[in-house]
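As given, the protein sequences belong to chains A and B, one line each in that order.
Letter 259 of the first sequence, counting from 1, is numbered 259 in our numbering, and no numbers are missing.
Letter 400 of the second sequence, counting from 1, is numbered 400 in our numbering, and no numbers are missing.
What the hints contain is simulated information worked out from the structure, not anything from laboratory work.
For clarity, every value in this text was computed on a predicted model and none was experimentally measured.
Heads up, none of these hints are tricks.
If chains are identical, the list can't say which one is meant, so a pair holds when it fits in one copy or spans any two.
Computed list of lysine-lysine pairs in DSBU-like fashion (alpha-carbon distance at most 30 Å, straight line): (1) 182 / 200; (2) 86 / 182; (3) 230 / 411; (4) 286 / 423; (5) 411 / 118; (6) 230 / 200.
2 protein chains.
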Amino acid sequence: MSVNTTDNLEALVEELARSVRRASHALAIATTDQKNQVLAKIAELCIERKAEIQRQNALDIQYAHEIGLSNALVDRLLLDDGRIEKMVQGIEQVTALPDPVGEEMERMNPPSGMDIRKIRVPIGVVGIIYESRPNVTVDCAVLCIKSGNAPILRGGKEAFHSNKILVEIISQALDECGFDPKTIGFIPTPDRAALNVMLKLDDYIHCIIPRGGEGLIRFVAENSTIPVIKHFTGICNVYIDADADKQRAVDISVNAKAQRPGVCNAAENLFIHDSVVGSHLPPIAKAMQDAGVELRISEELQSTLDLHKIPYVLATEEDFYEEYLDYIISIKSVDSVESAIDAINQYGSAHSDAIITEHERNARLFLRGVDSATVYWNASTRFTDGFEFGLGAEIGISTDRLHARGPMGLKELCTYKYVIYGKGETK
Amino acid sequence: MSVNTTDNLEALVEELARSVRRASHALAIATTDQKNQVLAKIAELCIERKAEIQRQNALDIQYAHEIGLSNALVDRLLLDDGRIEKMVQGIEQVTALPDPVGEEMERMNPPSGMDIRKIRVPIGVVGIIYESRPNVTVDCAVLCIKSGNAPILRGGKEAFHSNKILVEIISQALDECGFDPKTIGFIPTPDRAALNVMLKLDDYIHCIIPRGGEGLIRFVAENSTIPVIKHFTGICNVYIDADADKQRAVDISVNAKAQRPGVCNAAENLFIHDSVVGSHLPPIAKAMQDAGVELRISEELQSTLDLHKIPYVLATEEDFYEEYLDYIISIKSVDSVESAIDAINQYGSAHSDAIITEHERNARLFLRGVDSATVYWNASTRFTDGFEFGLGAEIGISTDRLHARGPMGLKELCTYKYVIYGKGETK
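Generate the whole structure from the sequences, applying the supplied hints.
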């Protein structure tokens, strides 16, 4: 495809979005069976056209080597047999999930006595902006289609050929199942100018979900006139209360930090009540050390760790605002559950926070006072994700407060409409 | 207050937002009684300080006359005894509404068996950008406070003095009830530069609700990095089906158009099935004419109106995209309910649309296929508002699809959090 001028590009992206919007109405009112047929067809075609997918994927891999991407990044691009098999399994899992569309969410009690029902319906057209891994193309498209939404995808340039063939397959599946093949859109150039055009098409696109690094998400939020649901990563916290069970404190804090430090629900800060620094900090610090975690501690904790000969570095104030995504944790003492709540509301990113305590009043204060999407009492912050919450699948974890907060599944890809059954009422 | 330089302004607005954010945590966890006490105190102070309010209001009225505002616009600014009384009544109504905060919305069924509850909580800090009428200051602040949200208000320059004294009163009420007086913020200058600063403070403000004309809303949506809930007005439609009862068709279409044409839920277009043009159009056209409505019709309807000597003008294609907000309606025939659905999805603004029919299958097709916030079967579009929906009060009617769609009451000023009760679970 040749895109010569900015005008051409603008017209091209706008026409694409307009076509998807036009086609989206039929998908929005499709039955569950019709949508599941599309998903089954996508799975079937992914297997049938596997050789082609891998040929296109090889072009991306070759390009990645040419531009000198690290082996880890090249590996993320690869669509080998195993990954295609996993992609197909993912499609089957989404097929098995209940359809959120059409559910009666509420009946209103209006003064007029009219019969008003709030019904869950698709959002309409959902734009997904993502980077790198090409399987995101299929994951996101399938979640959109199951929830009745027409997707417009804009992937990164590293996976361009892989994304293109996958969208072609999804489009073919839609076509073969009686939908307009333009029910899915693909921005046919990795050019940022095209992204900029896309982000202004609020007449045709109803929602943008950026998936990727903080830079990409900020760029999208700053340039979009379409509502954006942001998925920033998290500064999660664990608070060890005066009444914390010692073994739980050790197990949960080490799990929250070290089980998989590179993800958004991993803990970055630990706050510990004064009165249990002597008893609880040494075993926690020891277990962290065994798990390979660097300890960055406030001054007041030095003597305790010195006494137990546990190595540490002194934390700066900035460390507590830091998202390490690594084997590092900042630790500070607090004098009450109230101080812990204030500290978490100050340093944290309102993602996932935990209190470890056997004291019910303190737990309830914490669960209420910590202003985060997910608050835990005696459990690890690592549970914040769509599968663990029973959503079956997730399109991301929203760090926004509007529309969806925390893990987003199929329901969160929906809006609602009010349906009113009248008997000739006028005002 | 002197605001000399852009730097000063930026620092001032940022510090204001930071203070409100800090204060918002206490309001978010306040009990219903505590919040109702604040509302009662606001009402009390509005009466106690009425003379002062009216002195400040007189300054705005004087300025409005000086800059030559029309009498209608000057009248909108006026806070006479009757309007202050109505404002106080409005506060009492909101006080009586149930508190949405703390409600358990859902219990999850996670694979781990953990006890996960989805609890309604305030959004946090809500920015309201509005024009003209100073009573909006109190209406919006009271809805925010009742739902546990700290408001930051930015009103128009015409009502500057009135808004300022009203915010001072609300701040005093918060203070006297044990909250930080900075739980409410007021942008102390009508300067657009200050608005621009405010719209970028996504660290402190969680949601922006613009109330006003299309120009203001577009400006806010284009310049905000904070999620915006838009309240555009509507292009609403009525469809007269082949099986429409004639009297209902007349009553509902005239009510939808002419009962109050200047509001967002008034109808702008009428679509009528071919087969009932001869029987239903003349009485509808006659009743519209009696109500003072200008008819803009498609060519194919000319002969029918000519026959009945009802005056009309010919509609252009653009007329069907027009929001008249006036005694004008565009009329076109369609050949099926499906064509009516397509026409409404094309011309309408997805606000409020009605089908008039006695035919259940056609009604269900319409209610499902019309992609609007509110769809009516045999009732007037004029019922789309928070009071009519039983919400008790409304902060506006959202024309967005994310977060809130249609009338927004107290619940729609909330988000949710997940509260997880663990037993030491780690991953």
